[in-house]
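Visitor: Next come the chains, spelled out residue by residue.
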Amino acid sequence: MFFQQLLNGVTLGSIYALIALGYTMVYGILLMINFAHSEIFMSGAFFGYFFYQLFSRISFFQEKIFFFIFFLFLCSMFSTALLGIFIEQVAYKPLRRAPRLAPLISAIGVSIFIQNFFMLFVSNQSVAYPQIFPLKKYNFSLLEINSLQIFIIFLSISLMLVLRFFIQYTKLGKATRAVSQDRETASLMGINVNRIISLTFFIGAGLGGAAGILNGMYYGSIKYNMGFLPGIKAFTAAVLGGIGNISGAMFGGYILGICEAFTAGFIPGGAEWKDVFAFAILILVLLLKPSGLLGTQLKKV
Amino acid sequence: MIFIEKKIFLFLLIFFLLFLPPLGQSLGMYYTLHISALIGIYLLLILGLNLILGFVGLLDLGFIAFYACGAYLSALLSIRGWNFCLVLPATIILTVLLRLLLGLPALRLRGDYLAIVTLGFGEIMRLVLNNWDGLTNGPKGLPRVGEAISSPKFFFLTFQSDLSFYYLILFFVILGIIVSRRLDNSRIGRAWIAIREDELAAETCGINVDKVKLFAFCFSAIYAATAGVLYTHWIKFISPESFTFWESVLLVSMVVLGGMGSIPGVILATILVIGVPEFLRGLLGTQLVNYRMLFFGLGLVLMVIFRPQGIVPSKRRELELHPSNE
Numbered sequence: 077m078f079f080q081q082l083l084n085g086v087t088l089g090s091i092y093a094l095i096a097l098g099y100t101m102v103y104g105i106l107l108m109i110n111f112a113h114s115e116i117f118m119s120g121a122f123f124g125y126f127f128y129q130l131f132s133r134i135s136f137f138q139e140k141i142f143f144f145i146f147f148l149f150l151c152s153m154f155s156t157a158l159l160g161i162f163i164e165q166v167a168y169k170p171l172r173r174a175p176r177l178a179p180l181i182s183a184i185g186v187s188i189f190i191q192n193f194f195m196l197f198v199s200n201q202s203v204a205y206p207q208i209f210p211l212k213k214y215n216f217s218l219l220e221i222n223s224l225q226i227f228i229i230f231l232s233i234s235l236m237l238v239l240r241f242f243i244q245y246t247k248l249g250k251a252t253r254a255v256s257q258d259r260e261t262a263s264l265m266g267i268n269v270n271r272i273i274s275l276t277f278f279i280g281a282g283l284g285g286a287a288g289i290l291n292g293m294y295y296g297s298i299k300y301n302m303g304f305l306p307g308i309k310a311f312t313a314a315v316l317g318g319i320g321n322i323s324g325a326m327f328g329g330y331i332l333g334i335c336e337a338f339t340a341g342f343i344p345g346g347a348e349w350k351d352v353f354a355f356a357i358l359i360l361v362l363l364l365k366p367s368g369l370l371g372t373q374l375k376k377v
Numbered sequence: 052m053i054f055i056e057k058k059i060f061l062f063l064l065i066f067f068l069l070f071l072p073p074l075g076q077s078l079g080m081y082y083t084l085h086i087s088a089l090i091g092i093y094l095l096l097i098l099g100l101n102l103i104l105g106f107v108g109l110l111d112l113g114f115i116a117f118y119a120c121g122a123y124l125s126a127l128l129s130i131r132g133w134n135f136c137l138v139l140p141a142t143i144i145l146t147v148l149l150r151l152l153l154g155l156p157a158l159r160l161r162g163d164y165l166a167i168v169t170l171g172f173g174e175i176m177r178l179v180l181n182n183w184d185g186l187t188n189g190p191k192g193l194p195r196v197g198e199a200i201s202s203p204k205f206f207f208l209t210f211q212s213d214l215s216f217y218y219l220i221l222f223f224v225i226l227g228i229i230v231s232r233r234l235d236n237s238r239i240g241r242a243w244i245a246i247r248e249d250e251l252a253a254e255t256c257g258i259n260v261d262k263v264k265l266f267a268f269c270f271s272a273i274y275a276a277t278a279g280v281l282y283t284h285w286i287k288f289i290s291p292e293s294f295t296f297w298e299s300v301l302l303v304s305m306v307v308l309g310g311m312g313s314i315p316g317v318i319l320a321t322i323l324v325i326g327v328p329e330f331l332r333g334l335l336g337t338q339l340v341n342y343r344m345l346f347f348g349l350g351l352v353l354m355v356i357f358r359p360q361g362i363v364p365s366k367r368r369e370l371e372l373h374p375s376n377e
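Residue numbers (this note's numbering), protein chains in the order written: chain A, 77 to 377; chain B, 52 to 377.
Next comes chain A alone, as it looks inside the complex (with noise of 0.2 Å):
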């Protein structure tokens, strides 16, 4: 029982995990909360039910079930990224200058409208989402393991060390992690400051959009509403990490899903009671340690 939940909760906190990314990193550069990032994942899920029932004609996708993920990932993904970026320039790039609370007002605006747009024109209702490939069973003495759990787990961890090899050693990233340190040094060092937020807010949206997919075939339904509540988990995640840490909202996402995990197992009636906790948790850290576990010293709160 103990290990069982603890695979459920390291399969919700991969998918927390990959979206306390994208909140963290923009949060990093820009100083702001991406709220739109939770209807980023929403339309992560939906883009992979189009893609998912665009491929399921192309004959030569029938046969070959590799080529088929491959290809329903990545350009859901891509989709999810573009969106992520024209929310940026059309919702944030115009209120670089403002006050703080501005571009929150604005992300506000940006997922109102999401929202709605997809429940306007998409549809209203929960959708259910297709199984992508076939369910397979594993049975340990400890714990039963299914093929989705695994493949979520794997997928997620995968994209994690690619963008941790991205950030670390490529020269794309090493201008990231200079943005984000000093905005006004990088761009007097030649790097093309506006270009790398776009870039952040492309790979952030990114990892979201997987992250939709990945929930959306967890829990085989996705609706326009859904992705409030693992939006703000994961800003928990993000949050309990110490935000604008990359390997802190990781971190933050294993220890939340875990956590909530245990919380619905283990405590009577905790899955009524699993969402006040991930809320309290997310207050209590702001009023105890704003930075977070794995955080620096934030120079103003």
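Straight-line Cα separation of at most 27 Å, DSS-like style, residue types lysine-lysine; simulated pairs: (1) 140(A) / 212(A); (2) 350(A) / 191(B); (3) 213(A) / 140(A); (4) 299(A) / 191(B); (5) 169(A) / 247(A); (6) 204(B) / 287(B); (7) 365(A) / 262(B); (8) 169(A) / 250(A); (9) 191(B) / 287(B).
Worth flagging that the hints you see were computed from the coordinates, not collected in a lab. Predicted model only: the values in this text are computed from it and were never measured.
Given the coordinates of chain A, assemble chain B onto it according to the supplied hints.
Guide: Then chain B, alone, in the frame of chain A:
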């Protein structure tokens, strides 16, 4: 000149709110009364939020939690047979205490962090109302079968009919507007604006920033609690569904649309956002009204980018928002 314009605006507003519902009723459009009462309740909420968001510049995304608190407390007390004269002050006091409890630790945070803490608190409030079956009857709402919320009674005055109750709401709205205006022009109102413009400078000028902020934070809860009490007694049924995060967002958006810190602005925005779509629903059908949130989101983004001072800008705020030489 501006002063006269404001007077005309207020006069028109009061005239409109005073005579529209009876006029609508006599024409057979009974929903006018209901919509006007709803506008009145939202006006109270907006005026309260305007204190904290407009005057002091603190973003509160969980304001609806205190509205919910007011509504549920008053329902619980009213079901137990308390008189309205006691329900109202008791609810206000308890709600303000709760607000104080949140404000004491939370106001140390600034900007978006405060917004997130208040958001979290708002969600916790909704979830508690939803899950605490024994007290709140969970998602089924209050009152339970066999219980009832009584009509408000002041000693010898009973607000039995809907129209008389509407005038009671209107009385509180006008009181709220007057209090808001007096606060805006008072010493403490100027302190709030000083804090909004530059907290450090305000502190250097001898303003006790923490105290003044906490005062605004708690004072806004009085508005929320009153609105909650009136809502409960008007609808006579409440459930956690009415107090979601999106309601808080709607309130914040109305303050932004109207112009932060501008009392005529936020009043106008409330009437536009709450009232006009409901009247249009009667004329143009439900289909169009479903699109309002879409345009609303778009409007919010455009407003922040192109006209951050709002529809009717506050004079002081406008001066502040002029391009700085940064």
